[in-house]
Every structure is written in C-alpha cells, then in structure tokens.
Amino acid sequence: MAATAAAAVLSSGRFYALIGFEIHVKLATRSKMFSPSSSAPAQTTNSQVTPFDMALPGSLPYFNRACLEAGVRAAIGLNCQLNKISHFERKHYFYPDSPTGYQITQQRYPFASNGVFHFPLLVKKDKLKSSTKHKFVDNQNSFVIKQCRIERIQLEHDTGRSIHDDSQNRTLIDLNRFGTGLIEIVTKPDIQSSLEGESFLRELNRLLIKYNICEQSGLETAVRVDANVSLHRIDTKPDGNRIEIKNLGSFIDVRQAIDFEIKRQEQLLTNNYSIKNETRTYDTNKHQTIHLRRKEDQIDYRFMIEPNLPPLYLYDNNDKQIYGKNFVNIDDIKRDLPMSPLDERKEYLDKYKDFLTAEHLHELLRLDMIVSFHIEML
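Numbers in the numbering used here are just positions in the sequence shown, counted from 1, shifted up by 6.
Because the hints were derived from the structure by calculation, they are not lab data.
For each residue, glycine too, the CB sits at the ideal point set by N, CA and C.
Keep in mind that a hint or two might mislead.
[As the list claims (entries may be wrong)] In silico lysine-lysine, PhoX-like type, Cα no more than 20 Å apart, as pairs:
#1 K243 with K292
#2 K252 with K282
#3 K292 with K269
#4 K243 with K282
[Claimed, not checked] For each label pair, taking beta carbons as the anchor points, the in silico distance ranges come out as:
#5 S280 with S53: 33 to 39 Å
#6 T177 with D322: 46 to 52 Å
#7 N85 with K269: 31 to 37 Å
Let the sequences and hints guide you as you build the complete structure.
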C-alpha cells in the first residue's frame, strides 16, 4: 500500500478514493480567442460572430494575446512550469455547435505544466490527528494546508450553444459563445474526498477572481468542472480505471456528485464488481450520476498541429528582448500580480488574530469587499 499511504481511507475501512479535476475557465477578455468578436454575453442569438466563428471558407484565426496573458497569470498562481514554446493543435470531432469540425486546443503542447496548488481545509480541532500539519489555529478550528498537483494548463476555445426546440422537433445553434477563450486546468488525482474537492475549487475560484482571470465569483457561468473519481481497495495500487462526471456547474453539485459516486463505486466493489472506465453526468433533480457512454467507445480525435497559427512564445527578463503578438513577458506579469488569497489569509490572521477565529476568517475572505470593510472598521 506504499503508493496509497497518504490516501484517506473511507469509513468502511476497506477503500480509498482518488479524485482529479478538469476545469474549464472562461477568460475575462473583451474579445474571443481567435476573432475580434465580443466575448460578452449577448441578448440576441448569432449577433457576435465573424466569418471565422461561422467557419466560412478562407477565414483564418486571429490570436488574442490577452488570453495568453490571463493563462500565464493562472499558471503563476498555480506554481506551474511555464513552457517557453507551446503549440496549438486541432482536436477533430463532429458536433453541430462546432462548425469548424474541430477545436483548437493544446492537448499535447500546453503552455504550462507540473504545478502545485496549496489550499486551506477548515476542520474542527477535535477531528485533527496529532500528526497532521496545520496552521491558523484558534480554540475550535484549524486550517489544514493541503495541496493538489497540476498536470497542465492549456488554452482552447469554447463551442457554440445548442438550443433544443421540442415543440417543432428541431435544434437551433447559437454561435455567440463559439471561440470564447478558455483555459483548461487538469489536476492529478490528489483529492481524497468531496469536502477536499469543494475546498480546492473554492480556493481556486478565489485565485481566478483575484488575478482577473475570470469575472464571475461562482462556478455557474465562468467555470465548468469535470470530476474523475476512482475507488480502490486499501491493499491495491490504483489500476487507472476511473469514472468521469461531466459538466458540474456549482460547488454543491461537485460535492454531491462525488459523494454519490463514491458510494456507488463502494457498493460495486463490495459486491466484487470491477469499475470500468465510463463517462457519467449528474442529475441535479435525482441527486445521482447517470451513465452517458463507455470510455472505450470514444472516438480518435486525430490531433494535428494547427497550420494557421504560429507557436506561442514566453520569455523573461533574462532572455533576449523580443516583441510580437505571440510573445509575452513572464516577469512583467509577475510584477503586477496581487497577493494570493492564501498569503492574504496568513497575513490577515497574523494581523487580526486577537479579533478573529479561523472560522470567521474563512468566511470573511470569501469576498474582497467584506475584507476591505472589515479592515476599515478595525
């Protein structure tokens, strides 16, 4: 069990869970990633599209450097290695809301990889093990500092939106969203429970807002989450099989979907059934995950380098000074970043520890405006 020694054993004492995330973040840029169309929400369908957004013959992508700058801010906040050269590629598939027949992404050549994100987990002191490392302690609560490794961060664009008209048995397509800039954050399976998963996503969301990477303060519109959940016997190593739960849209959905899936897999393993690779969705009305497809049935995406876009280049002050649309200075971005939410939390508690409990601090730091008001009052 060496490979799973750090994993949290479930209450049954027979299994442990491993959870990873694929997080799609809508970037707070004024225009789309590959066209000058506005990326702001529109009231009228198909009112914010260019020939490229409609995949008209001869139209070419025009890269928005602000998307790369936002991605670099995220990579710095997640302590990632920034790759000085990265490439766009085409991920081929057919779906009505993608008129090009492919998505432009960075699956094999991302601009950032190998990161680690630290996040606080608020727990009651009487539930802490004596060996647990913890900080920010008061009489009742403690922040346990957890970490999750980041596999990669990649740039890609969003799809259009399908509008199903059941009254006339037809589906309409709105391309206003097509081409909107995204980053996809892929984590390692380091999360061990739904509570950890929710805490990780909340802290990540604070970072994304603080660093002006996305605008909204919740998962509902700016962030979409896919959760990969796998359960294993405590005397075995992970076998690679996992269940992917697609398109979780809120913190509550993430927590409830993971809890349900852990219980479902635990029941299967208890009855000597094996867990097969599978994609599921979460039904918010029934509060359960539902089968979509087996992983073995997924198509070959035929990845290929995007021929109409040059590589992206990152450089710092130690490199030769170069300028151009696809060039971004890492040190310039680092210099302008504010303090991270975790560092802010440490400083805030040290300064006001005589006035705050860890639980109060945890709630105060969820909203910057409340923090500013609280500091002025003190």
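message: For a quick check of understanding: which of the numbered hints are violated here, in increasing order?
response: Of the numbered hints given earlier, those the structure breaks are 1 and 5, listed in rising order.
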